[in-house]
Amino acid sequence: MITLFEIAERTQAGEKVEEKKWDMEFFKTITALIEKYEIKIPETHCFINRDNDLVERAFEAGVEFLERMGIYCITTRRRIKLTREEIITAIKEAPTEILMGEGRDQRVWRQRKIEEKEKLNVCPGHHSPFTEDLAGLVVSNFAQIPRTDFIEGFNFSKVDGREIMGPPMEVYASRRQVAWMREGVRKAGRPGLAIVYYPINTRAEDLIGVMDPDHGLRRTDGILLSLLPDLKMEQDMLSAAIVYDEYGSFKISGSFAIAGGFCGGLDGAIIEGIAKPIAAMIAYRDYINYTGVEHVHMLNARQILLPWVNWARSVVNQALNRFTHTICMRWVIPTSGPGTALNLLESAMQAIEAPINGMNLYAPRQCRTTTNHGQTPLEAEWMIEVSDAIIEQGFNRQGADDLLSKIAKRLENEKPAEGYDINACYDLIHHRPLPDYQKAYLSVKKELAGMGLAIDI
Amino acid sequence: MEISKLPQEQQDLLKSLKKAIVAIDEDTAKKVAQDIVGNDIDPKIAIKYAIAGGAIAVGDKFDTGEYFLPHLVMAGDLMDEVGKILEKNIPAGQLEKKRLVVIGAVQGDMHSVGKNLVSTMLRSGGFEVHDMGVDVSSMAFIDRAKELNADMIALSSLLTTTMPYLKEVVEDLKAMGIRENFKIMIGGGPVTRDYAEEIGADGYGKDAIEAVDEAKKIFS
Numbered sequence: 001m002i003t004l005f006e007i008a009e010r011t012q013a014g015e016k017v018e019e020k021k022w023d024m025e026f027f028k029t030i031t032a033l034i035e036k037y038e039i040k041i042p043e044t045h046c047f048i049n050r051d052n053d054l055v056e057r058a059f060e061a062g063v064e065f066l067e068r069m070g071i072y073c074i075t076t077r078r079r080i081k082l083t084r085e086e087i088i089t090a091i092k093e094a095p096t097e098i099l100m101g102e103g104r105d106q107r108v109w110r111q112r113k114i115e116e117k118e119k120l121n122v123c124p125g126h127h128s129p130f131t132e133d134l135a136g137l138v139v140s141n142f143a144q145i146p147r148t149d150f151i152e153g154f155n156f157s158k159v160d161g162r163e164i165m166g167p168p169m170e171v172y173a174s175r176r177q178v179a180w181m182r183e184g185v186r187k188a189g190r191p192g193l194a195i196v197y198y199p200i201n202t203r204a205e206d207l208i209g210v211m212d213p214d215h216g217l218r219r220t221d222g223i224l225l226s227l228l229p230d231l232k233m234e235q236d237m238l239s240a241a242i243v244y245d246e247y248g249s250f251k252i253s254g255s256f257a258i259a260g261g262f263c264g265g266l267d268g269a270i271i272e273g274i275a276k277p278i279a280a281m282i283a284y285r286d287y288i289n290y291t292g293v294e295h296v297h298m299l300n301a302r303q304i305l306l307p308w309v310n311w312a313r314s315v316v317n318q319a320l321n322r323f324t325h326t327i328c329m330r331w332v333i334p335t336s337g338p339g340t341a342l343n344l345l346e347s348a349m350q351a352i353e354a355p356i357n358g359m360n361l362y363a364p365r366q367c368r369t370t371t372n373h374g375q376t377p378l379e380a381e382w383m384i385e386v387s388d389a390i391i392e393q394g395f396n397r398q399g400a401d402d403l404l405s406k407i408a409k410r411l412e413n414e415k416p417a418e419g420y421d422i423n424a425c426y427d428l429i430h431h432r433p434l435p436d437y438q439k440a441y442l443s444v445k446k447e448l449a450g451m452g453l454a455i456d457i
Numbered sequence: 001m002e003i004s005k006l007p008q009e010q011q012d013l014l015k016s017l018k019k020a021i022v023a024i025d026e027d028t029a030k031k032v033a034q035d036i037v038g039n040d041i042d043p044k045i046a047i048k049y050a051i052a053g054g055a056i057a058v059g060d061k062f063d064t065g066e067y068f069l070p071h072l073v074m075a076g077d078l079m080d081e082v083g084k085i086l087e088k089n090i091p092a093g094q095l096e097k098k099r100l101v102v103i104g105a106v107q108g109d110m111h112s113v114g115k116n117l118v119s120t121m122l123r124s125g126g127f128e129v130h131d132m133g134v135d136v137s138s139m140a141f142i143d144r145a146k147e148l149n150a151d152m153i154a155l156s157s158l159l160t161t162t163m164p165y166l167k168e169v170v171e172d173l174k175a176m177g178i179r180e181n182f183k184i185m186i187g188g189g190p191v192t193r194d195y196a197e198e199i200g201a202d203g204y205g206k207d208a209i210e211a212v213d214e215a216k217k218i219f220s
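From first to last, the protein sequence lines stand for chains V and U.
Quick note: the first sequence uses the numbering used here, first residue 1, plus one each step.
Quick note: the second sequence uses the numbering used here, first residue 1, plus one each step.
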């Protein structure tokens with residue numbers, strides 16, 4: 001695979017391109033490839049793609065798109081050009097399994113295939129802001145979920161009661177985040193559980209400052225180094241990727257495409273959604289990616305569901321699982337907040353999609369999360385419960401599509417619910433939802449059971 | 001904007017221009033704009049009806065998912081070009097000044113998607129926008145706003161650790177005694193209306209569509 005040092009050199013020597021020119025070229029290129037590869041939305045609405053030929057064409061479109069565009073370095077405003085051979089070699093050489101954690105908490109996180117029957121790997125939480133008073137408690141709550149394979153860090157605005165501002169305070173806060181994570185997993189009785197550093201900022205010093213086998217990030221832990229939308233990278237992240245590649249930590253990336261942005265509609269988002277995780281693998285060595293397609297209006301919680309978004313997401317993940325080694329995850333991001341039945345219904349839809357399309361489960365949280373108002377352990381346990389039921393019941397793409405249609409019908413006239421702060425709907429001391437949330441949970445379980453999901457009620 | 005009292009031929013031209021802008025049909029829009037100038041139609045009416053009205057229609061198309069961010073960029077470019085053609089006939093001093101917004105992601109923040117959407121939507125919404133990109137320091141915002149005599153500084157932050165830089169801009173403006181010279185609007189993932197009020201910003205946009213409404217409300 002092309003070395004990170006080679007990528008670094010290309011960020012300095014590649015063609016100089018103004019960002020606006022890149023953005024518009026991005027759209028024009030993707031538009032041309034939509035036509036060339038006939039990436040068309042089917043006439044009949046569905047949630048899960050069943051057209052294997054389309055998946056193959058979409059993959060070819062994604063590779064050609066990456067070859068034609070390259071990756072844009074926003075630091076130097078240069079294009080990192082890649083040859084088709086470099087792209088294909090990277091796809092072939094990437095691992096399909098990542099070993100993480102240590103001792104009895106060591107886990108193998110691996111790529112899944114479409115409709116596979118093994119249980120999913122799980123990252124149950126964080127990637128959401130919390131206040132420092134809750135830090136240790138929240139981590140230990142998520143870590144004590146038995147199926148947890150790794151747990152990701154979180155953002156916060158104050159440390160030691162003081163507002164974090166500027167690189168030195170950020171470095172200090174970054175180290176506190178990882179220390180809280182280490183303490184939290186110890187409290188949960190799982191000291192070897194892999195943790196993933198969630199960058200509280202993307203400066204190189206913040207990213208690298210947490211490296212510390214004794215008190216910080218271990219070689220068996222990971223770091224989130226996400227490629228930016230529209231195939232954009234930054235030198236500070238690349239610097240961190242180079243360091244962590246030698247150190248041994250695994251790296252993950254947010255590699256979904258946002259329909260409504262410069263990729264255009266869902267057809268364009270399919271192409272970007274396939275190209276982006278491959279680019280993240282090449283640029284930062286991100287082998288685990290949360291993948292697929294989101295829509296800008298859903299990310300902004302304007303609407304719970306938009307037609308064809310789930311379908312587009314399934315095309316991307318099926319392509320990545322069939323033709324690359326990308327280890328895909330479903331980032332479960334309902335528009336409704338925690339503590340609500342709507343959140344659980346939305347989360348269930350995404351947890352149903354995951355095993356069918358070949359995705360593991362990652363950090364459920366409200367899409368527009370604010371401090372202490374993004375997630376509770378219940379949503380994580382719920383998504384595991386639902387995905388397990390889907391696998392045990394032997395759902396295939398058609399069956400899952402039917403079930404998703406029923407839930408979508410239930411949601412069609414609903415508006416995203418605001419939800420509650422974690423302490424207002426969840427008891428972190430006893431690791432259980434508060435009575436109202438428990439009631440909502442049981443009610444949603446009954447609803448899904450009534451729709452045909454074999455789930456204990 | 002009511003145009004029914006104009007002669008039918010003028011009404012048709014204005015409707016054609018608006019239609020071409022909404023369809024992002026560059027050639028037709030420029031040609032019709034020239035025809036409007038040639039027919040001595042009040043350019044102020046043309047700007048209000050075709051450009052401002054077209055901008056609203058373009059925004060609606062984004063809202064309904066028919067248009068995407070690149071369409072907003074193209075429509076914004078086209079509206080600028082058409083505006084320049086129409087403005088030729090407006091005597092100096094009578095040109096209605098667009099509200100000028102300096103926008104960017106604050107220091108330490110490299111996230112551009114939300115900021116780009118707001119920037120483009122504001123431009124389509126009739127504002128003149130100077131986009132400073134990402135990782136912009138407080139003083140860079142202030143210097144540019146002073147230099148351009150801007151009406152508003154719009155700030156984006158996606159990280160909790162870059163939110164303090166939103167406040168820094170407000171505080172720096174206060175310290176320099178020029179806080180009242182500029183309206184401040186903020187937004188971004190972890191930012192809330194409560195936070196905007198807490199730091200003394202004038203407005204907050206939850207998303208790009210709300211940001212444009214908020215900006216218009218601030219200047220209404």
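Don't read these hints as lab results, they were simulated from the structure.
Glycine included, each C-beta is placed from N, C-alpha and C at the ideal position.
Check the hints yourself; a few may be wrong.
As the list claims (entries may be wrong) - Now the stretches of chain U that chain V is said to cover, found in silico as 3 or more residues with beta-carbon under 8 Å:
| no. | stretch |
| --- | --- |
| 1 | 139-152 |
| 2 | 163-175 |
| 3 | 184-197 |
Comparing the hints with the structure gives:
1. Residues of the stretch 139-152 of chain U with a Cβ under 8 Å from some Cβ of chain V number 0, which does not satisfy the need for three, so the listed coverage is violated.
2. Under a criterion of three residues with beta carbons nearer than 8 Å to beta carbons of chain V, the stated coverage of the stretch 163-175 of chain U is upheld, 4 such residues being counted.
3. Against chain V, the stretch 184-197 of chain U contributes 3 residues with a C-beta closer than 8 Å to a partner C-beta. That satisfies the three-residue criterion, and the hint holds.
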